[in-house]
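Visitor: So the chains spell out like this:
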Amino acid sequence: MNLENRIVVTGMGCITPLGHDLETLWSNLIAGRCGIAQIDRFDAGTFPSTFAAQVREYDFRRYVADPAMHEHAGFNSQFALGAARQAWVQAKLGELDGMDRSRVGVYLGAGEGMLDFDNYARTDIESWDDAAGAIDSTRWTEAAKRRLDAWGEIEQEPNMPASHIAREYGIRGPVYNCLTACAASTQAIGEASDILRRGDAEVMVAGGTHTMIHVLGLTGFNRLTALSTRNDDIKTSSRPFSRSRDGFVLGEGSGIVILETLDHALSRGARPLAEITGYGSSADAFRITDMHPAARGPAEAMLQALAQAGIDPRALDKSGRPLVHYISAHGTSTVENDAMETLAIKAVFRENATKIPVSSIKSMLGHLIAAAGAVEFIACVLALHHQIIPPTTNLTDPEPELDLDYVPNEARPIELDTCLSNSFGFGGQNDTLIIRSYRR
Amino acid sequence: MSCPAVITGLGPITAFGVGIDPLWSAMLAGRSAIKRIEAFDPGGFDCQIAAEMPPDLFNVKKVVPKSYRKATKVMCRDIELAVGAAAAAVEDAGLVTKASEGEAEPTIDPARFGCHIGAGLIASDINELAAALMTSRTDDGRFDLGHWGAHGMENLTPLWLLKYLPNMLACHVTIVHDCRGPSNTITCCEASSALSLGESMRVIERGAADACLSGGAEYKLNPMALLRQQFAGRLARTNGEEDPSKVVRPFDSRACGTVIGEGGGILVIESREVAERRGARPYAQVIGFAATQSHCPDTVGLSIPAADESLTNAVRLALDHAGLAPGDVDGLVPFGSSIPAIDAAEAHAIRTVFGDRAASLPLVTTIPNVGNCAAGNGAIGLSVAAKALREQRLPARLHTEDAEGLDANAGPARDADLKHMLILTTSQGGQNAAVVLKGL
Numbered sequence: 001m002n003l004e005n006r007i008v009v010t011g012m013g014c015i016t017p018l019g020h021d022l023e024t025l026w027s028n029l030i031a032g033r034c035g036i037a038q039i040d041r042f043d044a045g046t047f048p049s050t051f052a053a054q055v056r057e058y059d060f061r062r063y064v065a066d067p068a069m070h071e072h073a074g075f076n077s078q079f080a081l082g083a084a085r086q087a088w089v090q091a092k093l094g095e096l097d098g099m100d101r102s103r104v105g106v107y108l109g110a111g112e113g114m115l116d117f118d119n120y121a122r123t124d125i126e127s128w129d130d131a132a133g134a135i136d137s138t139r140w141t142e143a144a145k146r147r148l149d150a151w152g153e154i155e156q157e158p159n160m161p162a163s164h165i166a167r168e169y170g171i172r173g174p175v176y177n178c179l180t181a182c183a184a185s186t187q188a189i190g191e192a193s194d195i196l197r198r199g200d201a202e203v204m205v206a207g208g209t210h211t212m213i214h215v216l217g218l219t220g221f222n223r224l225t226a227l228s229t230r231n232d233d234i235k236t237s238s239r240p241f242s243r244s245r246d247g248f249v250l251g252e253g254s255g256i257v258i259l260e261t262l263d264h265a266l267s268r269g270a271r272p273l274a275e276i277t278g279y280g281s282s283a284d285a286f287r288i289t290d291m292h293p294a295a296r297g298p299a300e301a302m303l304q305a306l307a308q309a310g311i312d313p314r315a316l317d318k319s320g321r322p323l324v325h326y327i328s329a330h331g332t333s334t335v336e337n338d339a340m341e342t343l344a345i346k347a348v349f350r351e352n353a354t355k356i357p358v359s360s361i362k363s364m365l366g367h368l369i370a371a372a373g374a375v376e377f378i379a380c381v382l383a384l385h386h387q388i389i390p391p392t393t394n395l396t397d398p399e400p401e402l403d404l405d406y407v408p409n410e411a412r413p414i415e416l417d418t419c420l421s422n423s424f425g426f427g428g429q430n431d432t433l434i435i436r437s438y439r440r
Numbered sequence: 441m442s443c444p445a446v447i448t449g450l451g452p453i454t455a456f457g458v459g460i461d462p463l464w465s466a467m468l469a470g471r472s473a474i475k476r477i478e479a480f481d482p483g484g485f486d487c488q489i490a491a492e493m494p495p496d497l498f499n500v501k502k503v504v505p506k507s508y509r510k511a512t513k514v515m516c517r518d519i520e521l522a523v524g525a526a527a528a529a530v531e532d533a534g535l536v537t538k539a540s541e542g543e544a545e546p547t548i549d550p551a552r553f554g555c556h557i558g559a560g561l562i563a564s565d566i567n568e569l570a571a572a573l574m575t576s577r578t579d580d581g582r583f584d585l586g587h588w589g590a591h592g593m594e595n596l597t598p599l600w601l602l603k604y605l606p607n608m609l610a611c612h613v614t615i616v617h618d619c620r621g622p623s624n625t626i627t628c629c630e631a632s633s634a635l636s637l638g639e640s641m642r643v644i645e646r647g648a649a650d651a652c653l654s655g656g657a658e659y660k661l662n663p664m665a666l667l668r669q670q671f672a673g674r675l676a677r678t679n680g681e682e683d684p685s686k687v688v689r690p691f692d693s694r695a696c697g698t699v700i701g702e703g704g705g706i707l708v709i710e711s712r713e714v715a716e717r718r719g720a721r722p723y724a725q726v727i728g729f730a731a732t733q734s735h736c737p738d739t740v741g742l743s744i745p746a747a748d749e750s751l752t753n754a755v756r757l758a759l760d761h762a763g764l765a766p767g768d769v770d771g772l773v774p775f776g777s778s779i780p781a782i783d784a785a786e787a788h789a790i791r792t793v794f795g796d797r798a799a800s801l802p803l804v805t806t807i808p809n810v811g812n813c814a815a816g817n818g819a820i821g822l823s824v825a826a827k828a829l830r831e832q833r834l835p836a837r838l839h840t841e842d843a844e845g846l847d848a849n850a851g852p853a854r855d856a857d858l859k860h861m862l863i864l865t866t867s868q869g870g871q872n873a874a875v876v877l878k879g880l
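Line by line, the protein sequences give chains A and B. Note that our numbering has the first sequence beginning at 1, numbered continuously upward. Note that our numbering has the second sequence beginning at 441, numbered continuously upward.
In short, the hints are calculated from the structure, not lab data. Where hints are given, some of them may not hold.
In silico lysine-lysine, DSBU-like type, Cα no more than 30 Å apart, as pairs [as the list claims (entries may be wrong)]:
| id | chain 1 | residue 1 | chain 2 | residue 2 |
| --- | --- | --- | --- | --- |
| 1 | B | K502 | B | K538 |
| 2 | B | K513 | B | K475 |
| 3 | B | K878 | A | K145 |
| 4 | B | K501 | B | K475 |
| 5 | A | K145 | B | K475 |
| 6 | B | K502 | B | K513 |
| 7 | B | K506 | B | K475 |
| 8 | B | K859 | A | K346 |
| 9 | B | K538 | B | K506 |
Computed footprint of chain B on chain A; a stretch qualifies when at least three of its residues, placed anywhere within it, have a C-beta under 8 Å from a C-beta of chain B [stated by the list, open to error]:
| id | region |
| --- | --- |
| 10 | 99 to 108 |
| 11 | 280 to 294 |
| 12 | 427 to 436 |
Note that the Cβ used here is the ideal one computed from N, Cα and C, for glycine as well.
Turn these sequences into a full structure, and let the hints steer you where they fit.
Guide: Written out as structure tokens, the structure is:
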């Protein structure tokens with residue numbers, strides 16, 4: 001494959017519940033630490049789920065050249081700016097004089113911003129007409145104009161983080177934002193790779209950012225019964241693949257990577273951290289809530305990615321190992337996902353499935369929704385660097401039918417050079433990436 | 441280009457109805473659907489007019505299989521529009537899908553059928569949410585979050601969140617038509633449809649799909665969404681003073697802001713080879729596409745500078761991609777928002793690229809007719825451009841009287857020799873896209 005078709009990672013950054021830089025995140029993941037605690041952004045004490053994995057003690061202002069430029073940034077933009085700075089610096093892009101900014105683009109999977117719930121609720125109360133059993137829209141409008149902040153409302157548009165990043169770095173090339181729920185940032189990285197391969201850009205800032213740790217986010221997911229309600233044992237609430245798993249735990253944050261063609265990276269002396277060798281994308285097209293019972297969508301995404309990477313899922317290498325050494329699972333800790341993902345892995349890898357370690361770092365970080373894929377991608381690159389894979393924590397009561405090697409509880413040093421990362425979204429989008437150690 | 445992409449079906453949905461025929465008739469006749477908002481009392485807004493679809497023109501229950509009617513209960517209006525548009529596009533393309541009555545095999549293999557539907561920040565229905573919030577109102581008119589968490593939220597339907605997620609437009613469409621290929625939801629405000637088309641084109645060109653349902657839809661006709669547009673300073677002030685149908689006048693010196701419309705569209709984008717094999721008659725080939733990011737001094741891109749290079753670059757790059765010179769373009773569909781600063785930026789880009797020819801290059805504007813449909817806008821422009829190429833006719837143009845250096849003034853429909861059309865857009869957030877179509 002020529003150098004223009006090979007896509008490498010040259011920088012990474014993260015803002016997460018377990019660290020605001022790669023080293024801190026990694027050491028916490030390997031130690032099996034938990035970022036989940038009582039929600040303190042608002043009083044969630046009476047909600048079915050009272051806990052989440054919040055980003056703590058984070059001030060985005062140290063990550064931008066001029067904070068005033070990002071005066072109105074909401075949480076999503078703030079997280080993304082911090083992660084993007086780390087990635088930009090690691091990729092040494094700041095040192096590039098005269099880099100043609102029209103050849104630099106952005107592709108994020110960023111979520112909707114956070115509503116100002118207090119003022120929204122007050123606006124509704126002020127304008128509710130009891131007799132009519134409805135909002136009086138004239139009174140609502142007058143109250144909303146008074147109570148809601150214009151910039152706060154504008155900042156909720158999902159393309160805002162991408163626009164903030166573009167502004168910070170003077171980016172003028174292709175800029176996209178996608179919002180395929182939990183698959184979004186994996187999809188963003190995959191599509192960014194395609195844009196590079198086509199020559200529509202030379203550098204892409206890719207990844208995701210999201211928080212749904214707010215009143216309506218918690219409400220919405222609790223109404224769907226998607227969240228764990230293990231309020232009496234918060235630290236073990238996220239227990240992917242466990243028999244007693246009862247739903248996912250909300251997390252928040254951002255993961256950003258810098259992607260380039262290998263040709264571009266080498267020609268400017270950048271050091272490739274890893275290579276993206278495969279990307280697959282599919283839709284379940286089944287139901288709005290349930291996954292297809294044969295997990296056909298996730299299996300298809302994995303098969304596409306493996307095919308692009310030239311990997312036969314049923315083959316073994318000379319030492320008798322499958323060609324994929326680690327699967328970073330979507331692994332949300334919902335009853336359905338973990339079962340379906342296991343089924344999909346078996347459908348794809350067949351007799352090799354039980355030979356491939358599979359773990360879910362959502363056991364420690366919670367579910368970063370649109371940002372999950374990017375952070376999990378970063379964890380794969382770190383695993384390749386450190387030759388150790390992070391565990392699935394809280395796996396003390398396995399379910400008999402879920403019989404893969406989920407790397408229970410302890411990180412595991414192994415030789416690895418090829419990872420597969422899955423993200424499956426509410427709404428049926430499925431995306432998979434294959435990440436490999438860089439070799440010439 | 442590995443797999444050239446052609447447009448084989450048009451499915452716009454606007455205040456004039458569903459499908460290309462009602463839109464095209466209205467465009468030829470120079471009709472505007474803009475009038476005083478009826479969906480709610482717009483009295484508190486600076487802009488009290490919009491293009492709304494009369495309720496009797498479209499019923500989503502009639503365009504889905506009987507077995508899917510129950511699912512329409514969890515569709516916000518944006519989703520309904522996308523589902524209606526998809527049905528029209530599929531019919532116009534002569535495709536058999538899972539939604540078709542009868543036993544015929546689907547024309548496109550589901551695994552090779554993609555879906556890229558742009559969407560916006562969807563505001564949840566005010567009354568639906570307020571009715572539930574009111575159950576947690578205290579006697580002295582405050583909101584009791586503790587009560588909400590324990591009891592109040594149970595008054596929200598369990599699937600409430602799924603009604604308003606932007607990716608649910610694509611989710612429902614993929615289920616109805618059994619699209620299991622790559623599916624994405626781009627959320628870049630008014631650039632969403634054009635960026636979606638670009639992605640559909642890339643997906644087909646890289647061989648990952650034979651056909652895609654591509655476009656976008658948005659419904660901002662509720663107080664929250666309209667207020668956000670007012671906060672963003674984009675809306676024309678009307679206060680009921682002028683003939684509402686004359687307020688939108690793109691590129692006119694009296695342009696004073698845009699007006700929202702309800703709508704969007706889906707196009708069927710197909711591999712040329714597949715289209716030819718099944719005997720389809722494509723409207724046009726997508727021969728050029730480019731995406732760029734403008735410099736936004738305000739960071740969030742409420743407007744872009746008049747002399748912005750990136751918008752000009754988008755046009756140039758798309759023409760380069762198409763292998764065309766500016767002189768080869770026969771008609772141009774701009775964003776044409778009637779927002780003065782954005783009109784100025786578009787005018788600058790057009791004059792810069794086309795030079796002296798700009799004064800005689802016909803512009804096709806749609807916002808005076810059907811309003812600014814935000815994430816749905818580009819799909820409307822693309823549909824009209826494709827239809828113009830088929831009919832060799834330019835639609836009438838409305839309202840503008842003193843456009844400088846541009847062929848944008850009001851005038852009747854006329855025959856024209858059209859080989860290549862260029863569709864251009866910018867967006868709130870600064871994302872730009874340009875598409876070049878060649879009539880077939």
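Visitor: Confirm or reject each hint.
Guide: Hints, one by one, checked against the model:
1. B:K502 to B:K538: 15 Å, holds
2. B:K513 to B:K475: 28 Å, holds
3. B:K878 to A:K145: Measuring from Cα to Cα gives roughly 46 Å; hence the hint is violated.
4. B:K501 to B:K475: Judged against 30 Å, a Cα distance of about 27 Å means the pair holds.
5. A:K145 to B:K475: 23 Å, holds
6. B:K502 to B:K513: It holds: about 13 Å lies between the C-alpha atoms, which stays within 30 Å.
7. B:K506 to B:K475: Distance ~34 Å between K506 of chain B and K475 of chain B Cα, so the pair is violated.
8. B:K859 to A:K346: With Cα atoms ~52 Å apart, K859 of chain B and K346 of chain A exceed 30 Å; violated.
9. B:K538 to B:K506: Status holds; Cα separation ~12 Å.
10. 99 to 108: With 3 residues close enough to chain B, the hint holds.
11. 280 to 294: It holds, with 9 qualifying residues against the three required.
12. 427 to 436: holds (count 3)
Violation of the numbered hints given earlier is confined to hints 3, 7 and 8; the remaining hints are satisfied by the structure.
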